[in-house]
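2 protein chains.
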Amino acid sequence: MARAWHLKSRPKGMPTSDNFQLKPVDLLPLDYGMVRVANRWLSVDPYMRGRMNDVKSYVPPFAIDAPMEGGAIGEVVESKADGFSPGDRVLHMAGWRDEAVLPAAALNPLPNLGVEPQAFLGNLGLTGGTAYFGLLDAAQAKEGDIVFVSAAAGAVGSAVVQIAKANGMTVIGSAGGAEKCDFVRSLGADEVIDYRARPLVKSLAAAAPKGIDVYFDNVGGDHLDAALAHARNNARFAICGMIDGYNAAEPTPLRYIMRIIAARVRLQGFIYTDYLPRLGEFYGDMGGWIASGQVKSRDTIVEGLERMPEAFLGLFSGANTGKMLVKV
Amino acid sequence: MARAWHLKSRPKGMPTSDNFQLKPVDLLPLDYGMVRVANRWLSVDPYMRGRMNDVKSYVPPFAIDAPMEGGAIGEVVESKADGFSPGDRVLHMAGWRDEAVLPAAALNPLPNLGVEPQAFLGNLGLTGGTAYFGLLDAAQAKEGDIVFVSAAAGAVGSAVVQIAKANGMTVIGSAGGAEKCDFVRSLGADEVIDYRARPLVKSLAAAAPKGIDVYFDNVGGDHLDAALAHARNNARFAICGMIDGYNAAEPTPLRYIMRIIAARVRLQGFIYTDYLPRLGEFYGDMGGWIASGQVKSRDTIVEGLERMPEAFLGLFSGANTGKMLVKV
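These protein sequence lines are chains G and Z, in that order. Each residue of the first sequence is one higher than the last, beginning at 1 in the numbering used here. Each residue of the second sequence is one higher than the last, beginning at 1 in the numbering used here.
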């Protein structure tokens, strides 16, 4: 019997394991055009927190008592669809479960880029693509720019650091604690800030005495405020995530928001899925950087479907370095 | 003896008349290349509040016990410079005083556009140019867009409303109180919000049921937050001023800031003076709209150099409809 995590209740503030329930699910019949997939790798991502709220956003909210969804890498075990055979690896959105029957149109065969399949949930998937399009398109970062990245030890942040270095930029990364800071340094960051050590406005002033041209925001709040404080003229901010605010009752006031005017700052929000038509370009560049060793991945792996809520909640307590994955 | 307003002390929060002092000033000698100018019209603008603080910005702070500066229209009374003769009207930055001796390079002869000279402090000057370049360049507003403008009865806002209507946009303006709202409606706004009447998030929802494509921000704070709440996908915000925050001790928290991501909003800060190389384009378009009656001006005039601080302080208490000017 297949099992899936269901949303049991909507969290107020920080979610807990009580918001999730693992239950048997009926699978769709394996009619013509359908494929049965056994999931091997499941993705947990900060954006899923938004889907737990009952508010309109760029993806619809999870429904109460319905199976949750998310990125997954599966293996075809039975197929009644042309072009899919047992053993094929596929990327799809029926995560948070061990098995699914899906129409062929919902399955993406993995391109042959000589990487482990789970890379398509990480540096070649949502997180790497978010880093790539956010940095190079939303923020229009270019060679010579001074780039500040928050949550630089996380899945998206660690990709941003490496893509920026591969493109000749100076990179300042922030992370929490000595171990993560060491990891960010190992990725090639020129300066690393431990945001727990002292106020960000001060540490960013020391790390970027000339200011910053680009800020890649995964965090919001104090990080965004410090970036505004140190923005050079015509700085460009890619607004990717605000993990600080996802579970907070009160938004952090931005003391330096008026710097948007004085420094002519541009803040640009963006969503990875808007760039799916440009996936070929991304696979080409990112595949090349992975092959050359300029972009490496470090995954934090939690084993077992049963532990998936724990993996998800760990995203908000800093449990992951690099991409957080669940191995089924 | 010429007199000029001096900065006596720096305000904490809202300025008061005690921060200003009117004192005699020595004029520069009328050497070769110099021009003596009697000021006729003096400009007070919200951005001057920033210059009263001792912080680095896009213009240097006013110095304590030194004459203040600002836009002015004067009449040449004596000239030792080629190209300037008594009776010529000139635009210059030696405002906050009745008379000045200036090098010819500091004087801009008024182009012949068939308007009153004080228009070059308003719709054909800093305020109109700010509206024009902010709306059409920073926010990239185009025909068919739904545009929200805060402080729509003010100097910049009233120009934004009219430029937007002249370019086929739908316009929602906010202002404080029935009289100002009537004025905004008379400018052609499709919907008018009295921000004092009820919470902006609700009144903007009613005025713009489909959301907004463009927000022209003169105010910041709750207005910016409401605009974020109702931003349509790919909305563009021109961040021109945040008058709400100029005198505030605590910044207003933005409850809807994460909408930047979901709606892929772009916020673009801008400064009028960056566009001075494109002044010809502006004079051409704006001159045409003024001639055709599509853009009108309403000035709030305070008479007498002695009352200049009162005129300036009135900008922050809503004393002006349209452009606030001091007549010397």
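These are computed hints drawn from the structure, not numbers from a lab. Hints should not be assumed to be uniformly reliable.
Put simply, identical chains are the same to the list, so a pair is met inside one copy or across any two.
Derived pair list, reagent style SDA-like, types lysine to any residue, alpha-carbon separation capped at 20 Å [claimed, not checked]:
(1) K80 x P109
(2) K80 x L30
(3) K327 x A291
(4) K202 x D225
(5) K56 x A229
How the hints compare with the structure:
1. K80 x P109: within (16 Å within a copy, 80 Å between copies)
2. K80 x L30: Close inside one copy (7 Å), not across copies (94 Å); limit 20 Å.
3. K327 x A291: neither (24 Å within a copy, 71 Å between copies)
4. K202 x D225: For K202 and D225, the Cα distance is within 20 Å only inside one copy (12 Å; across copies 28 Å).
5. K56 x A229: between (32 Å within a copy, 11 Å between copies)
In summary, the one numbered hint that this structure violates is 3.
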